[in-house]
Amino acid sequence: MNNMDMSDMRQELAQLGGGAHALATQILGNADDAADAVHDAFATVLARPSAFDDEKGALKPWFLRVVRNRCIDMMRRRRISDTDVEEIVATTPNPEEALQIDQRSLAIRRALAVISGDKREVIILRDFLDLSYAEIAKVLGIAPGTVMSRIHRARLALKEALDNDGK
Amino acid sequence: MASDTRMIDEHVGELLSGYIDGELTQQDRQRVEVHCDACATCSKERDELMALRSDMGKLKLSTIGEDTWRENMNDVAVKATRGIGWLLFGGGILAVAGFGLFAFIFSEQVSTTEKLIAGAIYGGLAILFISVLRQRLIERKTDKYKDVEI
Chain V
1 MNNMDMSDMR QELAQLGGGA HALATQILGN ADDAADAVHD AFATVLARPS AFDDEKGALK
61 PWFLRVVRNR CIDMMRRRRI SDTDVEEIVA TTPNPEEALQ IDQRSLAIRR ALAVISGDKR
121 EVIILRDFLD LSYAEIAKVL GIAPGTVMSR IHRARLALKE ALDNDGK
Chain L
1 MASDTRMIDE HVGELLSGYI DGELTQQDRQ RVEVHCDACA TCSKERDELM ALRSDMGKLK
61 LSTIGEDTWR ENMNDVAVKA TRGIGWLLFG GGILAVAGFG LFAFIFSEQV STTEKLIAGA
121 IYGGLAILFI SVLRQRLIER KTDKYKDVEI
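As they're listed, the protein sequences go chains V and L. When we follow the working numbering, the leftmost residue of the first sequence carries the number 1, and every step to the right adds one. When we follow the working numbering, the leftmost residue of the second sequence carries the number 1, and every step to the right adds one.
Check the hints yourself; a few may be wrong.
With a Cα cut of at most 35 Å, we get these calculated DSBU-like pairs of lysine-lysine [as the list claims (entries may be wrong)]: (1) K138/V / K58/L; (2) K60/L / K56/V; (3) K159/V / K60/V; (4) K44/L / K60/V; (5) K44/L / K58/L; (6) K44/L / K60/L; (7) K119/V / K60/L; (8) K159/V / K60/L; (9) K119/V / K138/V; (10) K58/L / K60/V; (11) K159/V / K44/L; (12) K44/L / K119/V; (13) K56/V / K138/V; (14) K119/V / K60/V; (15) K60/V / K60/L; (16) K119/V / K58/L; (17) K119/V / K159/V; (18) K138/V / K44/L; (19) K56/V / K119/V; (20) K159/V / K58/L; (21) K56/V / K58/L; (22) K138/V / K159/V; (23) K60/L / K138/V; (24) K138/V / K60/V.
Among chain L residues calculated to face chain V with C-beta under 10 Å, some are [as the list claims (entries may be wrong)]: (25) D21; (26) R53; (27) T63.
Now the in silico label distances, taken between C-beta atoms and shown as ranges [what the hints assert, rightly or not]: (28) A51/V / V34/L: 44 to 50 Å; (29) A51/V / F89/L: 24 to 30 Å; (30) G92/L / D102/V: 32 to 38 Å; (31) S7/V / S43/L: 46 to 52 Å; (32) R29/L / Q11/V: 32 to 38 Å; (33) D36/V / T25/L: 41 to 47 Å; (34) N74/L / M4/V: 15 to 21 Å; (35) S149/V / R136/L: 54 to 60 Å; (36) A134/V / D75/L: 32 to 38 Å; (37) A38/L / R48/V: 52 to 58 Å; (38) I142/V / F89/L: 46 to 52 Å; (39) S7/V / E139/L: 36 to 42 Å.
Worth flagging that the hints you see were computed from the coordinates, not collected in a lab. All residues carry an ideal CB built from backbone N, CA and C; glycine is no exception.
Please put together the full structure from these sequences, using the hints given.
Now the structure itself:
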């Protein structure tokens, strides 16, 4: 049952937009496609807000799951492979962006592009979006007991990619 | 003592991530702390992963602000209500036109010649309308400058 007021929901969704866009960009490898995915997710949620049950959990993981599902649909339709995503994510930021990003951030972005999509996804959910393990399990539709090992493998892979980037 | 040696041999592996994320039980937390005090490898790995986690949190991975998303949502609502409006309007027009056409064709007060002339005029108008509409839709779909704001 959804006891959330519609204006509260819209307010919270607007706050989640940036994080959802970051996640979608890491999945799809393209900021424009990611914006489309988030826009579609807004449309889906606003068309049927009663689908969200606030007694089952917070809006954030539920909405991120909607966004993720939308991204997967788009990838299937456009047949985007993980390799394509790596190439796009690794693209050098434009000069305006580059001015705002320090060298460490640039190195992490390059390292993120090197690791596999599922590792990138779990690390974004935990370290960028600050979701708990239980919430990550809900977003990814996996057993909560497997989240810790997934995150650890993803972090080790990211660390290795960073080390290799520095050599 | 024997158990401490086993712990160092095995390392704590994924528990390090659980420790960093505050997702461990008190018992596992203590186990990681005791192990890291005795194991330089795990202690170093813990510090590196903590630094990495902190740096990840500082990344700017989306350049679209909250206001834009709020407008985006309004756009979604406007588009949805506009769609319903057009659907109702179009449906009403089609129903009236269909009813009028039916009454006109089967009217006994209008001669066949008058029906043919009126049919040619309205049929021609309909063909012209569809032709222009089709052209506009193709232009709208293929115009690469449509999103350029002047």
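Status of the hints after comparison with the structure:
Straight-line distance between C-alpha atoms of K138/V and K58/L comes to about 24 Å, which keeps the hinted pair within the 35 Å bound. Proposed proximity of K60/L and K56/V is supported: the alpha carbons are some 30 Å apart, at most 35 Å. Under the criterion of a C-alpha separation no larger than 35 Å, the hint pairing K159/V with K60/V is consistent with the structure, at around 27 Å. For the given pair, K44/L sits about 33 Å from K60/V by alpha-carbon distance, which is consistent with the 35 Å threshold.
Between K44/L and K58/L the CA atoms are separated by roughly 22 Å; this keeps the pair inside 35 Å, and the hint holds. Proximity of K44/L to K60/L is assessed by CA-CA distance (about 27 Å); at most 35 Å being required, the pair is judged to hold. At most 35 Å may separate the alpha-carbon atoms for a hinted pair to count; K119/V and K60/L meet this at roughly 19 Å. Our distance criterion of 35 Å between C-alpha atoms is met by K159/V and K60/L, whose separation comes to about 19 Å.
Taking the CA atoms of K119/V and K138/V, the gap is about 16 Å. The hint holds against a cut of 35 Å. For the given pair, K58/L sits about 19 Å from K60/V by alpha-carbon distance, which is consistent with the 35 Å threshold. Straight-line distance between C-alpha atoms of K159/V and K44/L comes to about 13 Å, which keeps the hinted pair within the 35 Å bound. For the hint pairing K44/L with K119/V, the CA-to-CA distance comes to about 22 Å; that is within 35 Å, so the pair holds.
About 10 Å separates the Cα atoms of K56/V and K138/V, which keeps this hinted pair within 35 Å; it holds. A distance of roughly 20 Å separates the Cα atoms of K119/V and K60/V; the hinted pair therefore holds under the 35 Å criterion. Between K60/V and K60/L the alpha-carbon distance is near 19 Å, which keeps this suggested pair within the 35 Å criterion. For the proposed pair K119/V and K58/L, the alpha carbon gap of about 19 Å is at most 35 Å, so the pair holds.
A distance of roughly 12 Å separates the Cα atoms of K119/V and K159/V; the hinted pair therefore holds under the 35 Å criterion. For the hint linking K138/V to K44/L, the alpha-carbon distance of about 32 Å falls within 35 Å, and the restraint holds. For the given pair, K56/V sits about 26 Å from K119/V by alpha-carbon distance, which is consistent with the 35 Å threshold. With a CA separation close to 16 Å, the supplied pair K159/V and K58/L stays within the 35 Å bound.
Distance check on the hinted pair: K56/V and K58/L sit about 30 Å apart at the alpha-carbon level, within 35 Å; holds. A C-alpha spacing of about 26 Å is found between K138/V and K159/V, which places the hinted pair at or below 35 Å, so the restraint holds. The hinted pair formed by K60/L and K138/V meets the criterion: a straight-line CA distance of about 24 Å does not exceed 35 Å. Simply put, K138/V and K60/V have alpha-carbon atoms about 11 Å apart, close enough for the 35 Å limit, and the pair holds.
Nearest Cβ of chain V to the Cβ of D21/L: about 7 Å, under the 10 Å cut. The hint holds. Given the 10 Å rule on beta carbons, the hint for R53/L holds: about 5 Å separates it from the nearest Cβ of chain V. For T63/L, the shortest C-beta to C-beta distance to chain V is roughly 7 Å, which falls under 10 Å, so the interface hint holds. Between A51/V and V34/L the Cβ separation comes to about 47 Å, which falls inside the hinted range of 44 to 50 Å.
In this structure the hint that A51/V and F89/L lie 24 to 30 Å apart at CB holds, the actual value being about 29 Å. For the pair G92/L and D102/V, the supplied restraint of 32 to 38 Å is violated, since their beta-carbon distance comes to about 60 Å. Between S7/V and S43/L the CB atoms are about 49 Å apart, so this pair conforms to the stated range of 46 to 52 Å. About 36 Å separates the C-beta atoms of R29/L and Q11/V, a value consistent with the hinted range of 32 to 38 Å.
A beta carbon spacing of about 42 Å between D36/V and T25/L agrees with the range 41 to 47 Å that was offered as a hint. A C-beta distance of roughly 18 Å is found between N74/L and M4/V, which places it inside the suggested range of 15 to 21 Å. Judged by the Cβ atoms, the range 54 to 60 Å given for S149/V and R136/L holds: they are separated by roughly 56 Å. Range check, A134/V to D75/L: Cβ separation about 33 Å, and the 32 to 38 Å hint holds.
Checked against the hint of 52 to 58 Å, the pair A38/L and R48/V passes, with Cβ atoms roughly 55 Å apart. Distance hint check for I142/V and F89/L: the Cβ-Cβ separation is about 47 Å, which falls inside the suggested range of 46 to 52 Å. At about 39 Å, the CB distance of S7/V to E139/L agrees with the hint of 36 to 42 Å.
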